[in-house]
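Following the hints, complete the assembly by docking chain G onto the known chain C.
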Amino acid sequence: MFRLAVTASAVALMALPAMAADPVKIGMVTTLSGPGGYIGEDARDGFKLAIQEEGGNLGGAPVQVLVEDDGLKPGNGKQSAERFLTNDKVKIMTGIIFSNVAEAVVPDVLEAGAFYLSLNAAPSNFSGKGCNKNYFVVSWQNDTLHEAVGANANRLGFKRMFAMAPNYQAGKDAIAGFKRVFKGEVVGEIYNSLDQTDFAAELAQIRAAKPDALYQFEPGGLGITFLKQFAQAGLKDTIPMAVAFPSVDQRILGAVGDAALGLHVSYHWNTDFDNPASKAFVADFEKTYSRVPTTYASQGYDTARLLASALKAVGGDVGKTDAFRAALRKADFVSVRGAFKFGQNQHPIEDWYAGDVVKGADGKPMVKTVAKILTDHVDAYAKDCHL
Amino acid sequence: MNLLLEQLLNGLQFGVMLFLLAAGLTLVFGIMGLINLAHGSLYMIGAYAAAYVGVRTGSFLLAILAGLAAAAATGVAVEMIVLRRLYRRDHLHQVLATFGLILFFNEGMSILFGRQPLFANVPATLAGALTLPGGLRYPVYRLVIMATGAGVAGFLYLLIQHTRIGMLVRAGATHRDMVRALGVNVPLLYTAVFGLGALLAGLAGSMAGPLLSVQIGMGEQILILTFVVIVIGGIGSVRGAVIGALLVGLVDTMVRAFLPGLLRGIMSNASADSVGGGFSSISVYLLMAIVLLWRPRGLFPAHG
Chain C
821 MFRLAVTASA VALMALPAMA ADPVKIGMVT TLSGPGGYIG EDARDGFKLA
871 IQEEGGNLGG APVQVLVEDD GLKPGNGKQS AERFLTNDKV KIMTGIIFSN
921 VAEAVVPDVL EAGAFYLSLN AAPSNFSGKG CNKNYFVVSW QNDTLHEAVG
971 ANANRLGFKR MFAMAPNYQA GKDAIAGFKR VFKGEVVGEI YNSLDQTDFA
1021 AELAQIRAAK PDALYQFEPG GLGITFLKQF AQAGLKDTIP MAVAFPSVDQ
1071 RILGAVGDAA LGLHVSYHWN TDFDNPASKA FVADFEKTYS RVPTTYASQG
1121 YDTARLLASA LKAVGGDVGK TDAFRAALRK ADFVSVRGAF KFGQNQHPIE
1171 DWYAGDVVKG ADGKPMVKTV AKILTDHVDA YAKDCHL
Chain G
998 MNLLLEQLLN GLQFGVMLFL LAAGLTLVFG IMGLINLAHG SLYMIGAYAA
1048 AYVGVRTGSF LLAILAGLAA AAATGVAVEM IVLRRLYRRD HLHQVLATFG
1098 LILFFNEGMS ILFGRQPLFA NVPATLAGAL TLPGGLRYPV YRLVIMATGA
1148 GVAGFLYLLI QHTRIGMLVR AGATHRDMVR ALGVNVPLLY TAVFGLGALL
1198 AGLAGSMAGP LLSVQIGMGE QILILTFVVI VIGGIGSVRG AVIGALLVGL
1248 VDTMVRAFLP GLLRGIMSNA SADSVGGGFS SISVYLLMAI VLLWRPRGLF
1298 PAHG
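Here the protein sequences come in this chain order: C and G. Under the working numbering, the first residue of the first sequence is numbered 821, with each subsequent residue one higher. Under the working numbering, the first residue of the second sequence is numbered 998, with each subsequent residue one higher.
Be careful, since some hints might not be right.
What the hints assert, rightly or not - In silico negatives: residues of chain G with every beta carbon more than 12 angstroms from chain C:
id, residue
1, Val1119
2, Val1176
3, Arg1236
Said to hold, decoys possible - According to the in silico footprint, chain G covers these stretches of chain C (three or more CB under 8 angstroms from chain G):
id, stretch
4, 847-858
5, 1006-1020
6, 1039-1051
7, 1073-1083
Since the hints were derived computationally from the structure, they do not count as laboratory data. Idealized CB from N, CA, C, for every residue including glycine.
Bound-form chain C, shown alone (with noise of 0.2 angstroms):
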C-alpha cells in the first residue's frame, strides 16, 4: 500500500509541467584563474545573483548555469564550449571575458545554431560585417570603452598625450579607439608586452615626453603593478591619467588604495549610479558576496535580466528561435544602467559617464561620478552590420 503511495506521488510529480524538471541550459566559459581570474568570477556572479533573486529561475523558467574556466586560453575555450554544445545540448552561451578567446569561440557557438549573448568581450570583427542574428552583446563595442575615454579627455581639455597599452589586438584597437575620439596630439605611443611586470622602462619614456596626460589601457593586474609604479616614480603629482574602466575597476581600486587618488575614469555603469535597479543590485551584491561589485559584475547580472525576458517571453521554450531571438532584441529589461537598447548590429546604444577617483566616507578610493560625456553612443561598426 506504502508503495503503491509512492509511486502514484512519483507519478503525480511526473505530471507537473515538463517544464520544473527540465531546466534550460546556460553554458558559461569564462576566465576564472590568473591575473584576469577575478574578473570572470564578478561576472559569473553577477550572473547566478540574477538567478538567486528568482529562487533558481531566469523569467519564470528554471535555469542550469554550467562554469567552465577558460584560463585564458583560446584553446581551452573552443573545448568546453564544444563539450557543452554537443554533450550538453546547450543552447544558450556566455561568459567569455578577453575578446582573444571571444573570437575562437564564438563562431563555434553561433555554427551549431546556438544563442551567444556577451556580457563582456566584443571583438570588432563580430560587430561590422561579421555581425550575426544570434550574437547579443550586452556590454559595449571594444572600441567604444576608448572612445568615450578620448571624449573625456575632450571634456578635461587635454590638447597632448602619450597613450600605452600592450601589445595585442585589444591594446591596438584601444588606442585606435582613442584616436578617433580625442581631437588633440598624441605625442607618444608604446606598445608594452602582455606579460610585463616592471614598466620603469616605459614611465622613463612618459617622462621624458612631458604630456598634459596619459592614456593607458592595461587591464587586471598589468594595471595594478602599472598604477602603483607610476606613483611611485612621482608621476602621478605631475601627469594627470584618463583611462577607462578595466584599467581601475572596484578590484584594481583596492588593490593599489590611495595610488589611483585623481584618475579621469571613463566608464558605462558605476556603484554610485542613482537608479533603482543599480541600488539593488550593489546592496544585493554586497550582501549575498561580502564584497562591492565591479562593472564586470554589473555586465553579468544585466546579461542574466536580458536572458531572463526572453525566456519570459517564450515561456522558458528556447525551442521558439524566432520568437526568443526577436525578444531578445526589444531587451525588455531594466537595466542597473538606467536606459538600454541594441543597435542594428546588436550591441548596446549607451550613454558613457566620466568620473574621478576620490577619498570616500570610509577613507578607501571610490570612483564618483561627475558627468556624461556620450550620450545614445554607437559604435562605429553598426552601419556595416546587415541583419
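Leaving out everything else, chain G in the frame of chain C:
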C-alpha cells in the same frame, strides 16, 4: 642624457632581480643536475609571505624576514619530500614533477589568499627619490634593490670561493661522483644548496612585492627569463649568473626603451611601435642565440 642614465639604472635593477633568481637556479641545476621549474613558485611564496606580513605588521624588516623564512622552509620541505626522489631520474620526470609543483603552489596560494593580487607598500623610509649627480631623480627603493643584489653577489663569491662549503659546492658542480666517493654527506649538501637557492628566490620575491603586483603565476612570468640567464651565463656558474642577469636586464630594458624611437626615423610611428614592441620581446632570446653560437656552453661554463 638623463633618460639614458635612467634606463641604464632600470636595466641594472631588473638584472639584479634576475640574478637573485638565477643564482639559486643555476646552483641547483649545475650541482644537483635538477631542472626545477618550481623555482618561480618559491619566488611567489616569498612575495606572498612578505606582502602578507608587511601589510599586517607594517614592518618592512619583518616582511623580508617572513618572505625569506617562508621560501627557504618551502624549499627545504620540497627538496626532502619530492625532489630527493628525482635526482637519479630522467630530466623529463623532473620537469613533470616540478611542473606539478607549480600547479600545486598556484592553486594553494589562491586557496590561501584568493585570486585577488596582494598589495605591498614601499616602506616610508625608502619611498622617496634620490637626486643623482646630473639632476636625475631615481626611486630610492630601486637603488636599495641594486645594493642588495651587489651584497648578495659578494656574499656568494666569498661563500663559494673561500669557504669549505663553497669548495664542496664547486666540487659538486664539476666532479659530482668523486665528491660522493670521498664520503661527503651529499644529501645534506643538496638540501643546503636547494635551501640557499630558495632563500635567494624568497629574497627576490619579497623585494619585488612593493614594485610589482603580488599575484598567482608571477613566478612563471619571470622564470623563463631566468632560464635564459643561466643558459647565457653557463649552467652551474654563479659568476655567469651575475653577468648573464645584468646582460639580459640591460638588453631587455634598452631595446624596449630605445628601439621604437630609432625605428621612428625610418618608418611611420604606428609600425615603428609595433615592430619595436615585437622585437623587444624577442631581443633577449636573440641575445641567447648569439651567445650560444659563440660559446655553446654559455659564457662561464662550470663543467670545464
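For each hint, the structure was consulted:
1. Val1119: violated (6 angstroms)
2. Val1176: Consistent with the label, G:Val1176 stays out of reach of chain C, its closest Cβ about 38 angstroms off (over 12 angstroms).
3. Arg1236: Correct as stated: the minimum Cβ-Cβ distance to chain C is 25 angstroms, above 12 angstroms.
4. 847-858: holds (count 6)
5. 1006-1020: holds (count 9)
6. 1039-1051: holds (count 5)
7. 1073-1083: Since three or more residues must qualify, the claim that chain G covers the stretch 1073-1083 of chain C holds, with 4 doing so at under 8 angstroms.
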